[in-house]
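Participant: Residue-level listing of the chains:
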Amino acid sequence: MVDIPYDRIADIPPAEVPDVELYHPRSWWTRYVFSQDAKVIAIQYALTASAIGLVALVLSWLMRLQLGFPGTFSFIDPNQYLQLITMHGMIMVIYLLTALFLGGFGNYLIPLMVGARDMVFPYVNMLSYWVYLLAVLVLASTFFVPGGPTGAGWTLYPPQAILSGTPGQDWGIILMMSSLILFIIGFTMGGLNYVVTVLQARTRGMTLMRLPLTVWGIFTATVMALLAFPALFVASVMLLLDRLLGTSFFMPSLVEMGQLSKYGGGSPLLFQHLFWFFGHPEVYIVALPAFGIVSDLISTHARKNIFGYRMMVWAIVAIGALSFLVWAHHMYVSGMFPQFGYFFATTTLIIAIPTAIKVYNWVLTLWRGDIHLRVPMLFALGFIITFVNGGLTGLFLGNVVVDVPLSDTMFVVAHFHMVMGVAPIMVVLGAIYHWYPKVTGRMLNDVLGKFHFWVTFLGAYLIFFPMHYLGLLGVPRRYFELGDAAFIPPSAHSLNAFISVVALTVGFSQMVFLFNLAWSLFKGKASGGNPWRATTLEWQTPETPPGHGNWGKELPVVYRWAYDYSVPGAEEDFIPQNQPPRATQVVQGAAS
Amino acid sequence: MAETALTHPAEAPGRLPGWRGIAADWASDQRAFKNVSWGKAMMWIFLLSDTFIFSCFLLSYMTARMSTTVPWPNPSEVFALNFAGKQIPLILIAIMTFILISSSGTMAMAVNFGYRRDRVRTSALMLVTAAFGATFVGMQAFEWTKLIIEGVRPWGNPWGAAQFGASFFMITGFHGTHVTIGVIFLIAIARKVLRGDFDVERRGFFTSRKGYYEIVEIMGLYWHFVDLVWVFIFALFYLW
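Top line first, the protein sequences correspond to chains L and H. Note that the first sequence ends on residue 592 in my numbering; no numbers are left out. Note that the second sequence ends on residue 240 in my numbering; no numbers are left out.
Don't take every hint at face value.
Using 27 Å as the maximum straight-line C-alpha spacing, the simulated BS3-like pairs for lysine-lysine come out as follows [as the list claims (entries may be wrong)]:
#: 1; chain 1: H; residue 1: Lys34; chain 2: H; residue 2: Lys146
#: 2; chain 1: L; residue 1: Lys262; chain 2: H; residue 2: Lys146
#: 3; chain 1: L; residue 1: Lys450; chain 2: L; residue 2: Lys523
#: 4; chain 1: H; residue 1: Lys192; chain 2: H; residue 2: Lys40
#: 5; chain 1: H; residue 1: Lys192; chain 2: H; residue 2: Lys210
#: 6; chain 1: H; residue 1: Lys210; chain 2: L; residue 2: Lys553
#: 7; chain 1: L; residue 1: Lys525; chain 2: L; residue 2: Lys450
#: 8; chain 1: L; residue 1: Lys553; chain 2: H; residue 2: Lys34
#: 9; chain 1: H; residue 1: Lys86; chain 2: H; residue 2: Lys146
Derived by calculation from the structure, the hints in this document are not laboratory data. All of these numbers come straight from a predicted model, not from anything done at the bench.
Construct the complete structure from the given sequences, taking the supplied hints into account.
Facilitator: See the structure below:
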């Protein structure tokens, strides 16, 4: 009998932190609707985000119909096309991905993974969801107001965002700004909870360096969001004042509809600086949780410890910090002082280093692993490939001289859809397949899952690879139709039609996934508590799905890091984080 | 809410020197900040986030002021009051600043008495703080009224750049909102202190959690932050 070695550095006497006082719901309403339980709030967040995300998916179908078959669909006019673009982008980036990763996965996984009974302030956490829901409703209401939603593009650049002639100038832009302000208020309430829970409410033995990378990713992204959303908040307030009160923060004097407008002396560039000071970190607010989750999926399904855990953590933190220094690489062509471009190009390319470290570490984790090609693993592998793809085109766009000709072409569209559209969505889907058994106690159907993966993965490539080519040809983004231009060959038009057909196919194949979610809820195979034989705490709960308070009478005690897979000499190929060292007995000679 | 941690990080085996030691301390068991309760940690992080909001407001205002081609109205003249036939520059702002800084003093004393469990003095000092805050907001309302009568609007003013009025109303309005929220919470907490909620561990109406005297200190953190922000607004808007 030999003890399995474990990391003793953090073997500090335990803090005597008293157990948490839990809020106990007394009625159906406070249990399932106005619930203060992070797990219920997480599901509420996830369902709301998915619902509005489906709206955005339908908007993208309409856009593809117009682009692929211009002139065929009379119900889409140029104004509506701009509205489709705007709402698709804004919903996908903020109301779906940010809310789903932080509000959904964050709420569900953080307390379980750090061994807490709930978030630190459940009441504030509940308010966070309801304010988010209000923001979503305000956003959705813009579809029904006179003039419709704003068509300013998801970046909402003034002056055109609030000038007449831009669709949604009367109501859409006002409600969009109000919705963003509400979203930020709601997010702040949730975000403070996530950060404090990770920092101050971990269970005994759970040092920061034993946290699963999922928690590290969500935690860092939340800290970034708390520091980046203020810039969007301020920009929204100021743009709202420009529109409602006639201030001129962002509005230069210009001629509007043949008449000199009432505005004058403002700086449109100021908005862009504020917007991208939020907007670039936002990319990593979406990407870092994906990085974290994918690390855990790969490690679990390759039955191997994550390669270079410490480097992975520092890479997440470094990416988070660096992403605040790169915002103006979105503004190379916007009339900023040109030599700023050198600085921002340099910082942009430096981010490639920690990102590359992460990609190498994922690949090295896979190397000689016992890889199980289960659905979550397929999506994780799909993420790595897609992310590398999108990241490499990011190197093109990060360089000023290469970016200038590629700006505002389909190349940019292809780049950011690869890197922050498809790649995080791959992780979202993989994570749903991975944690669905914990949330519901049932497995998702495997055959439907594999079908879903292959259609989504191959389809994404068929959609976005040709877009790079279109961009290199010079096909502009945001155009309602291409018309007859000498530099656009006829093949580009047929390529557009091809992309549209694939996009619609992939879009409809998501219905298979929705069916799978609903069907498995009732008919899925019972999963048991730990179907993937994973080490992290959420799989060690006494009940599945975890009950109120997550853990029974006693909080778990953590003895090891989250990645004890295939430890030589251990009986099983995984050792849960809460397994005491003495209980892990080694069968002598098993390894020889 | 968990009571302030009772942690006394004893001599841990194998303390590491230098930066590795700092990182190890931060990453250590259960709590990154020992002896810091959840509520206090949350308020600090919120204030960090709020700092970014005010910074963005002030930087935007400074950008507008520096880039405008029209002259910026002279704050010393705009914010002058006529006392006994003499124009005294910034006199109202000076009094407002003095009042707000004084309120920080009474708040600090309230925190002190809070930890001594002196219910009456704590709540009295908190109410004094709230009164100072309300006075500040009242004087701000007076200042707004005066400027509006003189023709200052968010979209223009008689003396120069339109961004003057826009920035002024936006920034002082946002700060004034913070002070007003602070006053409301000060009164609510003062009432709880006076009623002895924190001695009998009465549960909150909304959260149904027990409260602790520490909430006075957390309230103080917010209040001092709002005062500190005012110092920056005073320096960057009025004195520039």
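Participant: Confirm or reject each hint.
Facilitator: So, going through the hints one by one against the coordinates:
1. For the suggested pair Lys34/H and Lys146/H, the alpha carbons sit about 50 Å apart, so the restraint of at most 27 Å is broken.
2. This hinted pair checks out: Lys262/L and Lys146/H have alpha carbons roughly 25 Å apart, not beyond 27 Å.
3. The suggested pairing of Lys450/L with Lys523/L holds, with an alpha-carbon distance near 18 Å, which does not exceed 27 Å.
4. Restraint check for Lys192/H and Lys40/H: the C-alpha separation of about 18 Å stays at or below 27 Å, so the hint holds.
5. Proposed proximity of Lys192/H and Lys210/H is supported: the alpha carbons are some 12 Å apart, at most 27 Å.
6. Distance restraint check for Lys210/H and Lys553/L: the Cα-Cα separation of roughly 21 Å lies within the 27 Å cut-off, and the hinted pair is therefore satisfied.
7. Straight-line distance between C-alpha atoms of Lys525/L and Lys450/L comes to about 16 Å, which keeps the hinted pair within the 27 Å bound.
8. At most 27 Å may separate the alpha-carbon atoms for a hinted pair to count; Lys553/L and Lys34/H meet this at roughly 25 Å.
9. Between Lys86/H and Lys146/H, the direct Cα distance comes to roughly 17 Å. Compliance with the 27 Å bound is thereby established for this hinted pair.
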